[in-house]
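Participant: Put together the whole structure using the sequences plus the hints.
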Amino acid sequence: MPELPEVETVRRGLQPVLEGSRIARVEARRPDLRFPFPEKFLERLTGKTITALGRRAKYLTMHLEGGPVLICHLGMSGSFRIETSDDGEMPDSSEMLGAFYLERSKSAVHDHVVFHIVSPEGARSRVTFNDPRRFGFMLFSEGAPDTHPMLAGLGVEPTGNALDGELLASLLKGRKSPLKAALLDQRLIAGLGNIYVSEALWRAGLSPLREAGTIAKPGKKAKQQRDALAEAIRAVIADAIAAGGSSLRDYVQTDGSLGYFQHSFAVYDREGEPCSKHGCGGHIERIVQSGRSTFYCRTCQL
4 MPELPEVETV RRGLQPVLEG SRIARVEARR PDLRFPFPEK FLERLTGKTI TALGRRAKYL
64 TMHLEGGPVL ICHLGMSGSF RIETSDDGEM PDSSEMLGAF YLERSKSAVH DHVVFHIVSP
124 EGARSRVTFN DPRRFGFMLF SEGAPDTHPM LAGLGVEPTG NALDGELLAS LLKGRKSPLK
184 AALLDQRLIA GLGNIYVSEA LWRAGLSPLR EAGTIAKPGK KAKQQRDALA EAIRAVIADA
244 IAAGGSSLRD YVQTDGSLGY FQHSFAVYDR EGEPCSKHGC GGHIERIVQS GRSTFYCRTC
304 QL
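Quick note on this note's numbering: the sequence shown kicks off at 4 and runs consecutively.
Read the hints as simulated data drawn from the structure, not as lab findings. Fair warning: there could be bad hints in the mix.
Straight-line C-alpha distance at most 20 Å; calculated SDA-like pairs for lysine to any residue [to be verified]:
#1 Lys280 with Phe268
#2 Lys51 with Pro123
#3 Lys280 with Ser210
#4 Lys51 with Val117
#5 Lys179 with Gln292
#6 Lys220 with Ser210
#7 Lys280 with Asp242
#8 Lys179 with Leu191
#9 Lys176 with Thr217
#10 Lys224 with Ser210
#11 Lys176 with Lys226
#12 Lys179 with Gly168
#13 Lys176 with Gln189
#14 Lys226 with Pro211
#15 Lys220 with Ser173
#16 Lys226 with Ala172
#17 Lys220 with Ser180
#18 Lys223 with Arg213
#19 Lys176 with Val159
#20 Lys226 with Ser173
#21 Lys280 with Ala238
#22 Lys51 with Thr64
#23 Lys176 with Leu305
#24 Lys51 with Gly146
#25 Lys220 with Glu234
Simulated restraints on C-beta separations [what the hints assert, rightly or not]:
#26 Lys176 with Arg28: 50 to 56 Å
#27 Gly222 with Glu68: 50 to 56 Å
#28 Thr302 with Arg32: 51 to 57 Å
#29 Gly156 with Lys179: 20 to 26 Å
#30 Ser110 with Arg289: 29 to 35 Å
#31 Glu22 with Thr302: 44 to 50 Å
#32 Lys176 with Asp242: 25 to 31 Å
#33 Asn164 with Arg295: 26 to 32 Å
#34 Asp242 with Thr49: 35 to 41 Å
#35 Gln292 with Arg32: 35 to 41 Å
#36 Pro34 with His286: 46 to 52 Å
#37 Arg289 with Arg32: 38 to 44 Å
#38 Ala245 with Thr302: 27 to 33 Å
Every residue, glycine too, gets a C-beta built ideally from N, C-alpha and C.
Facilitator: Have a look at this one:
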C-alpha cells in the first residue's frame, strides 16, 4: 500500500494542474470503489473550483470552493494520471498525449473516475483515477477533513519539527508493545507504514522488537534514543519524498514514472545482505511481526 511519501508525491504531481482550476465535468464509470460514491457525487463536484489540494497521513484532500472537501485514498493499487491538451480542446483519449502523459502498463478498464479540468487560463486537462483492485475510495467531508470519521483520531504527522524526542516519549510512555508496532499505530503517528518504520529504526540503531516504552524512560540514554528515532523518522520521510517515493508493485507517480527511493533501502527487502552501517559486520534479517515483514540488523539495532 502506498505510504506517506508516495501520497505526498502524488499530491505534488496533481497540485499544479488542480489548484485554482475548475472541474468542468466528472465521469464515474462505476457506482463504487471500496465504498459507494457519495450521493450526488458528480453534481456536487461539477463546476466547482479547487481551492487547495492537501494531504493528511495517507489521504488526499481536495478542497472545493463553497465545500465539500473530497477525501481520496489510493488503497493498494490506486493512482492518478494527468493528460493535458496543448490547444485548449479536449480530444479523445487516444489523441491526448500531452506533456504529463506517459504510457503505463495499466488497462484503461480500471480508469474509474475522470475529472475534466479547466485552468484559470483556459487550458484543459483530464485527471484519471485508475484502481485495478478498487481498494481506494472517494468520500465527502462536509466540514474540516479532520472531523471526518476516516481522519478523526489520527496522530501527529511525521514531518516538520512537531515530531521530536519529547513528543515520542509522551506517545510511547508505558507501552509494552514492540517498538515497530507502536510506530505503526496511526493514532500515535499518522502516515507511517511498514517500509519507512523499518528504515527509520535502522537509522536510529533501535531494534523493532524492543519494548516501545523503553525509549520514554528517564535518563540520558533513553533521551538519546528517542531523539535519534525522531530525527530518523523525519529524515527518512523527507528523503523518500525527495526521491519521489518508493515504487513497489502497483505504485506510480502522476506522470507514470517510477519513484526511486527503493534503491536506497538500507534494510527493507534486503534479507541476507550485509548491513551497510559502517563497522557493523552484521546481516539483514527478516522476521514477521503482526503478519507483516520486518527487516533489521540484530547486530547494530539494539
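Participant: For the pair supplied as a hint, Lys226 and Ala172, is the alpha-carbon distance within the 20 Å limit?
Facilitator: Cα-Cα ~8 Å, so holds.
Participant: Quickly compare the C-alpha distance for Lys223 and Arg213 to 20 Å and report which way the hint goes.
Facilitator: Holds - the C-alpha atoms of Arg213 and Lys223 are around 18 Å apart, at most 20 Å.
Participant: With a cut-off of 20 Å on the C-alpha distance, tell me whether Lys280 and Asp242 pass.
Facilitator: holds, 17 Å
Participant: A range of 50 to 56 Å was offered for this pair. Does it hold for the Cβ distance of Lys176 and Arg28?
Facilitator: holds, 52 Å
Participant: Is 27 to 33 Å right for how far apart the beta carbons of Ala245 and Thr302 are?
Facilitator: Holds, at about 29 Å.
Participant: Straight-line Cα separation of Lys220 and Ser173 no greater than 20 Å?
Facilitator: Holds: Lys220 and Ser173 sit about 10 Å apart, inside 20 Å.
Participant: For the pair we were handed, Lys51 and Thr64, check the Cα-Cα distance against 20 Å.
Facilitator: holds, 15 Å
Participant: Verify the proposed pairing of Lys179 with Leu191, using a straight-line Cα cut of 20 Å.
Facilitator: The given pair, whose Cα atoms are some 15 Å apart, holds under the 20 Å limit.
Participant: Holds or violated: Lys176 and Leu305, Cα atoms, limit 20 Å.
Facilitator: Status holds; Cα separation ~18 Å.
Participant: CB of Asp242 to CB of Thr49, is that within 35 to 41 Å?
Facilitator: holds, 40 Å
Participant: When you check the alpha-carbon spacing of Lys280 and Ser210, does it fall within 20 Å?
Facilitator: Holds, at about 14 Å.
Participant: So the hint says 50 to 56 Å: do the beta-carbon atoms of Gly222 and Glu68 match that?
Facilitator: holds, 53 Å
Checked against the numbered hints above, the structure breaks none of them.
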